[in-house]
Amino acid sequence: MEPVVDIRHLDISFATDAEPVVAVRDLSLSVKPGEVLAIVGESGSGKSVTAKAILGLLPETATETGIVLVGANNVVELSKKRLREIRGVDVAMVFQEPSTALNPVYTVGWQIAEGLRAHGKYTRKQARAKAIEILGKVGIPEPGERVDYYPHQFSGGQKQRAVIAMALVLEPDVIVADEPTTALDVTVQAEILDLLRRCRDEFGAAIILITHNMGVVADLADRVAVMYNGEVVEQAEVHDLFAHPREDYTKRLLAAVPKLGTAVALTRARAAGRPTVEAAPVVAAEHLVIEYAGRLGRRGFRAVDDVSFEIHAGEVLGLVGESGSGKTTIGRAIGGLTRVTGGSLKVLGQEMNGISEHRFRPLRGDIGFVFQDPASSFNPLLTIAECVAEPLVVHGRADDAAAARGRVNELLEAVQLPKSYGDRYPHELSGGQRQRASLARALALEPTLLIADEPTSALDVSVQARVLELFSELQKEFGFAALFISHDLAVVDLLADRIAVLYQGKLVEEGTGAEVLVAPKHPYTQRLLASLPVPDPVEQAIRREKLRTLQTEE
Amino acid sequence: MTAEPTIKRPRIWSRLPVIHQLRQSVGLQRGMLIVGLTITGIFILTAIFAPLIAPYGFAQLQDAHGDFGAQDPPGGKHLLGTTVGGYDVLSRVIWGAQTALLAILVAVVLSVFLGIVLGVVSGYIGGWLDRVLVVIADAVYAFPTLLLAIVSAIIISQGQSNLFGGILAAGLSITVVFIPQYFRVIRAEAVRIKSEAYVESAKVVGTGVIRIMFRHVLRNATRSLPLIITLNASEAIFTLAALGFLGFGIEPNSAAEWGYDLNKSISDVTSGIWWTSIFPGMAIVLVVLGVTLVGESLNDLADPRLRTRRRAVGVTTLGTISVQGGGALDDEVVDIDELEA
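Line order of the protein sequences matches chains A and B.
When we follow my numbering, the leftmost residue of the first sequence carries the number 3, and every step to the right adds one.
When we follow my numbering, the leftmost residue of the second sequence carries the number 3, and every step to the right adds one.
Next up, chain A with everything else stripped away, as it sits in the complex (with noise of 0.2 Å):
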């Protein structure tokens, strides 16, 4: 069969303020007609890239070489009037982000005509047949209505629906969708895949699908190329990628990713190694309770709803849930960044409650805290070792960051970053790199609790693996408790003593990995588990069949 899409030899390089800066090397690749060819590597790799390269996306700055066909045009030589005919009819685009890849002052059905008046004539009324008839076949429900509503009144998985409706209309042979599930929820993106799947069955068409999930891989992929660099470093069809991986990268790779049940024993021996005798809890939540305010007139929205829990001194607790689940919102009131309404809450024996800025600033020095985002957690305009030494500054254990230097390399050295890295702002490392040098300022002054709020979540897997696993090295060396936040359930199982499982707003299940993992009670964490995919595509088709009667018996 003729590929639809066939890449040969293709090179991009963008221009910068400095050096040129090579994308994507000597890239060739093909997809077949009702194929899905998944494009996996880690952030850097030019895998976003290849795929704007693709629908001739590419900014002003970029240079391309080779050969890009897409039916039986080269799209590297297209002009901008041809591209702009083939792009939605030969080949169409699904976003990362759905929120912002729809227009917010247009209604929905409007921005689904805005394509098919783009290729072709439809009256007001035939394209809004169309439109009610795609959102349909996507899932949406009531299509007729709600073809009317604007983008806030869809949920993220509905809106990321429409978006793969918008790419659906005009029926092309290709749907590039470029990481169409990082932003949504484990249970939401488990439905978003099987839509994926129907586009492939049902419409037929091939689909390029970017992700760095190896999970998505296993779920939804025939074919797999693998990128490093920008270049393929392996290409295999999907079964014999997961069983037998030829190349190194790939095999490092595979490891790294996290799976759920490999942590039973570790957490029985870190157990096992706690002092029984416990003593009063670091934090205690008792019926705790936290609203936003509303707007006037309107009631507040409860974030925390009726939630309790203890962390005893060394141990960790995994606070798992979806966006929205409040979890965050626990760990910021324990930060004591987010007022507490109602309820009670005992953070190191200070109830949070009503407590003011000025009682709360000394126990400040015994929390520490571990933010998501470490490319934003550090002021640009200070050095990593200023801002490790911060904390040891405003706490009056050293007069400036000077004075604080050899403490600081201690730290370093303990999250195992050379000591000359502390000379270095924060834009110069790398991601991994930066949420070590988080790890040390939040580590500064010894703290006896650690809040860690999604920590890895904005790192490769590679990375995570490797901060995980200093996390939980330098966990049994300083013998702190910790509150570890995060979505996924399976980075939660490696490093947690107790998980909690939150749903909107309130507790559903609570208990050792094992327990919860293994033998969930409430039916939320069930489907949670189900949702979740794992890197391996027999097991995955096993467990997608088990969600799908998870999912009718509701």
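Keep in mind that the hints were calculated from the coordinates and are not lab data.
Heads up, the beta-carbon is just placed ideally off N, CA and C, and yes, glycines get one too.
Treat the hints with caution; some may be incorrect.
Claimed, not checked - Have a look at the derived ranges for each label pair, beta carbon to beta carbon:
id: 1; chain 1: B; residue 1: I44; chain 2: A; residue 2: D28; range: 49 to 55 Å
id: 2; chain 1: A; residue 1: R361; chain 2: B; residue 2: P146; range: 49 to 55 Å
id: 3; chain 1: A; residue 1: R399; chain 2: B; residue 2: S197; range: 27 to 33 Å
id: 4; chain 1: B; residue 1: V28; chain 2: A; residue 2: N76; range: 28 to 34 Å
id: 5; chain 1: A; residue 1: R361; chain 2: B; residue 2: S197; range: 22 to 28 Å
id: 6; chain 1: B; residue 1: T224; chain 2: A; residue 2: I544; range: 55 to 61 Å
id: 7; chain 1: A; residue 1: N76; chain 2: B; residue 2: H22; range: 39 to 45 Å
id: 8; chain 1: B; residue 1: A141; chain 2: A; residue 2: S101; range: 36 to 42 Å
id: 9; chain 1: A; residue 1: A295; chain 2: B; residue 2: V136; range: 18 to 24 Å
id: 10; chain 1: A; residue 1: E353; chain 2: B; residue 2: R221; range: 35 to 41 Å
id: 11; chain 1: A; residue 1: E475; chain 2: B; residue 2: V142; range: 56 to 62 Å
Since the structure of chain A is provided, determine the placement of chain B on it from the hints.
Relative to chain A, chain B alone:
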């Protein structure tokens, strides 16, 4: 992690504002910036060395050979002719640069500090203080600059106009109107930065409010200041000239001032005497143009989306891959921000 690669960091002087932008600009944007910088540079040099460059004093009416004579055409002893009052036009134009520069300095210095401090405090602390300050700033905004300048000119100079009074009047009136501008820009930045993770991380460490405000917020909020300063500078010149033109400026015997000369040349225009109005007018236009060009180019260069770059050529000949994964497996340090920009 034993290898400690050294990072090539640009030298201090090339990271200074303006010079940094000059180095990174190309093409038309570079041309605009260079033209602006040249004009501004000439203006500043003229102002500083006015006593050396100008053939006569600004209030000089005669030399050893007697009176200059009024409305002499350009040529001979007076390169650009003389005015109706008998002053040398060239000398007046050159000395005028000094007055204009002083007005700019006074206006910028007075408004920058107050505006910035108010902006940071208001933006970071927020609440009722913020609301009150914003309302006041908006109210001041509604004032016409010139009216304010006239009022302050009268108050400061008490009817007698001298160099100091005139400059202060122009400077103060601009200050009053421009404080809200600095205030707004810095406040907006402070509000944005307040929710950045590094401010929160300073907060959870237990950092005091003042330390957060000045160490973390203010230092990151000054990005757009060079731009506003240049725009304010041109406005300062305009206001000073307008004051002079309206007769509230500086008397010719205390300082040279372009607006005043323009005012006195109105009647000359109809009688075909062009040199008394063209030269001071040109001086005003050129200086404002130069300063504005600098400001506009700085603005364009500060925004990566507006900034043009050299095109990458000869891709295939490049030997090595310059992109590394985000430090993925071997944890090498790279700056992928450039790619995203």
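These are the hints, each one checked on the structure:
no.: 1; hint: I44/B with D28/A: 49 to 55 Å; verdict: 52 Å, holds
no.: 2; hint: R361/A with P146/B: 49 to 55 Å; verdict: 50 Å, holds
no.: 3; hint: R399/A with S197/B: 27 to 33 Å; verdict: 28 Å, holds
no.: 4; hint: V28/B with N76/A: 28 to 34 Å; verdict: 30 Å, holds
no.: 5; hint: R361/A with S197/B: 22 to 28 Å; verdict: 24 Å, holds
no.: 6; hint: T224/B with I544/A: 55 to 61 Å; verdict: 58 Å, holds
no.: 7; hint: N76/A with H22/B: 39 to 45 Å; verdict: 40 Å, holds
no.: 8; hint: A141/B with S101/A: 36 to 42 Å; verdict: 38 Å, holds
no.: 9; hint: A295/A with V136/B: 18 to 24 Å; verdict: 21 Å, holds
no.: 10; hint: E353/A with R221/B: 35 to 41 Å; verdict: 36 Å, holds
no.: 11; hint: E475/A with V142/B: 56 to 62 Å; verdict: 58 Å, holds
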